[in-house]
Amino acid sequence: MQRRVTFDNRLLPYLLLAPQVAVTLVFFIWPAANAIWQSVHLQDAFGIRSEFVWFENFTNVLGDPNYLDTLKVTVVFSLAVTVLAMGLALLLAVLADSKIKGARAYKTLLIWPYALAPAVAAVLWMFIFNPDIGSFGRALRALGYDWDYRLNGGQALTMVIMAASWKQVSYNFIFFLAGLQAIPRSVMEAASIDGAGPVRRFWTITFPLLSPTTFFLLVVDMVYAFFETFGTIHALTQGGPGKATETLIFRVYQDGVVNNDLGGSSAQSVILMVIVIALTAVQFRFVERKVHYS
Amino acid sequence: MATVEIRNVRKSYGPVEAIKGIDIAIQDGEFLVLLGPSGCGKSTLLRMVAGLEGITGGEIAIGGRVVNHLDPKDRDIAMVFQNYALYPHMTVFDNMAYGLKIRGIPKAEIRARVDKAANILELGRFLDRRPSQLSGGQRQRVAMGRAIVREPAAFLFDEPLSNLDAKLRTQMRVEIKRLQDRLGITSLYVTHDQVEAMTLADRILVMNHGVAEQIGTPLEVYQRPASLFVAGFIGSPPMNVLDGRIDDRGEAVLLPGGQRLALPQARPTDAGRPVKLGIRPEHMAVAAQDFSGGFSIEVELVEALGADTVVYGRLPDGESLLVRMAGIPTVRERDRLTVAPQDGALHLFDAVTGRRME
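If you read the protein sequences in the order shown, they are chains D and C.
Using the UniProt record's numbering, the first residue of the first sequence is number 1, and each one after it goes up by one.
Using the UniProt record's numbering, the first residue of the second sequence is number 1, and each one after it goes up by one.
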């Protein structure tokens with residue numbers, strides 16, 4: 001049943017919508033339009049003159065072998081962050097959902113990382129993993145392991161993935177926990193009477209029933225990994241060493257803000273936008289079919 | 001097929017004792033109903049048999065094997081839940097086949113067993129549907145089907161009909177009875193509905209505050225309630241209970257209103273003892289105005305149910321008295337009449353303990 005809400009005042013609904021529309025216009029539509037405009041122009045370094053160049057920026061970007069490397073890093077990074085953040089969150093949520101002592105405190109603590117600004121979180125990770133001053137970094141070196149993420153690209157990528165995943169675990173955890181708590185207890189009891197052990201119950205009952213939550217988080221986490229991890233990477237590695245941790249979003253910033261190539265940078269952000277839209281569309285088209293909404 | 005034995009079983013939640021020692025041996029193929037008001041511990045007892053609740057004290061044995069420390073899956077039982085507890089993401093077929101697949105039964109046999117159960121329950125057309133596409137009665141049947149295909153040692157029912165509307169409930173009750181007769185599988189059935197208990201049970205265990213008030217066949221429980229609680233819980237409308245005292249010769253009960261009801265047998269040892277007197281509304285009949293062994297009442301309300309009539313009367317001392325008469329009403333409100341208990345209709349209970357006095 002759907003109930004239609006009607007307003008007596010004709011203006012009121014528009015007024016109520018206005019803030020949301022204004023935010024979307026100012027922070028999304030306008031910059032996106034700007035990016036599209038800039039992506040087909042070439043500007044001088046001082047932004048005084050610009051010239052319409054058709055798709056030259058795009059061909060330049062896509063023809064650059066460095067760009068493909070960045071794309072590879074982004075794919076590895078995003079997949080790893082999504083899988084790690086969701087897997088860990090699901091594990092923690094399953095543990096928190098079972099009857100344990102101090103479950104409340106445990107749940108509250110798990111939500112805290114989400115309240116942390118990306119830069120602060122990154123500093124925190126630095127204090128742990130820095131080879132000179134970080135506790136864990138020093139311990140690794142003391143054990144004879146050659147740990148230095150400032151020199152080793154693989155180590156740097158691993159650390160950035162861990163930091164970015166850690167930030168997102170809290171968010172996923174809340175949703176997974178809510179999803180778990182929405183599964184009727186009697187359904188799980190029926191399964192255990194039917195002979196299913198805990199592992200089997202999880203894979204045949206819990207996981208399928210969680211699928212709407214999992215699907216939603218998959219989309220959200222992919223978008224997070226693509227866009228919102230900029231702050232973490234910027235504060236931890238600045239894309240380095242070399243370009244080992246340079247993701248697409250970081251390169252957009254690097255080329256546009258640092259290297260002043262506004263046209264190329266804009267072309268990249270348009271490409272990035274298309275990639276994420278395409279990914280989301282694919283997810284809705286193919287993954288959502290397997291989702292069971294009750 | 002198996003017996004289920006419950007030996008001095010107790011359950012505590014911290015300092016609160018929810019079940020205070022229940023003892024019963026359920027015969028192979030017997031249908032036992034656990035009856036009581038909500039919070040009496042009947043569901044807890046059932047869940048302890050299922051293995052969904054731990055057992056604080058005592059022993060539960062299914063088929064002669066003590067199951068106290070066995071997981072639900074190893075107890076060879078099937079359970080039907082109040083909210084059906086179907087797997088929402090599986091088809092009806094998969095719901096019923098789930099337990100069989102886990103037990104590694106060959107596909108062809110699963111197919112055959114599910115088809116057979118679907119036939120019995122008239123679910124054949126719905127095997128490919130999801131639970132959300134079924135009506136309440138159909139879901140209930142699927143839950144039953146899931147229990148049947150397992151061919152377990154015992155069925156456990158936890159208020160399986162209370163989510164259905166009145167008409168469907170009656171229909172499903174008959175189906176359950178027919179099914180159990182046909183399959184002959186030992187069943188434990190929890191309900192707070194006395195009609196379900198009376199119609200389904202071979203024996204009823206009436207529970208109150210974690211204690212078995214009475215164990216007996218439906219008719220025993222109705223005809224010889226072991227306590228005031230059972231007397232009040234079984235029968236509709238409930239039994240009339242009046243304060244009284246046995247006279248000094250032990251031959252009759254004296255009521256505060258001055259009535260004197262002769263006892264069928266003299267009980268000289270109880271002379272002078274205060275008692276509670278129980279009389280079922282349906283065991284009273286209208287008597288001649290001047291009949292001395294009856295009650296004179298003023299009619300306050302008449303409920304015509306069609307097949308019979310319930311009269312709410314008031315005694316001279318202000319106590320209320322219900323009388324159930326066959327047929328359509330012959331009395332009206334504010335009439336005065338005399339009603340007398342039929343032979344053998346008097347139940348005596350100890351005024352302090354509430355236990356039946358034989």
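Possibly wrong hints are sitting among the right ones.
[As the list claims (entries may be wrong)] List of simulated lysine-lysine pairs, DSS-like, C-alpha gap at most 30 Å:
1) C:116 with C:101
2) D:99 with C:101
3) C:116 with D:99
[Claimed, not checked] To list a few chain D residues with every Cβ distance to chain C over 10 Å, as calculated:
4) 30
5) 50
6) 58
7) 95
8) 103
9) 104
10) 115
11) 138
12) 174
13) 184
14) 209
15) 211
16) 281
[Unchecked claim] Computed Cβ-Cβ distance ranges for the label pairs, DEER-style:
17) C:193 with D:208: 53 to 59 Å
18) C:168 with D:20: 43 to 49 Å
19) C:168 with D:281: 42 to 48 Å
20) D:127 with C:163: 55 to 61 Å
21) C:109 with D:20: 40 to 46 Å
22) C:15 with D:200: 32 to 38 Å
23) D:20 with C:166: 56 to 62 Å
24) C:132 with D:99: 52 to 58 Å
25) C:163 with D:212: 20 to 26 Å
26) C:168 with D:11: 49 to 55 Å
27) C:163 with D:123: 53 to 59 Å
28) D:287 with C:132: 17 to 23 Å
Hints listed in this document are in silico derivations from the structure and should not be mistaken for laboratory results.
We treat Cβ as the ideally placed atom computed from N, Cα and C, and that holds for glycine.
Item to check | Unsatisfied constraints (hint numbers, rising) | outcome: 3, 13, 14, 15, 17, 21, 23 and 24
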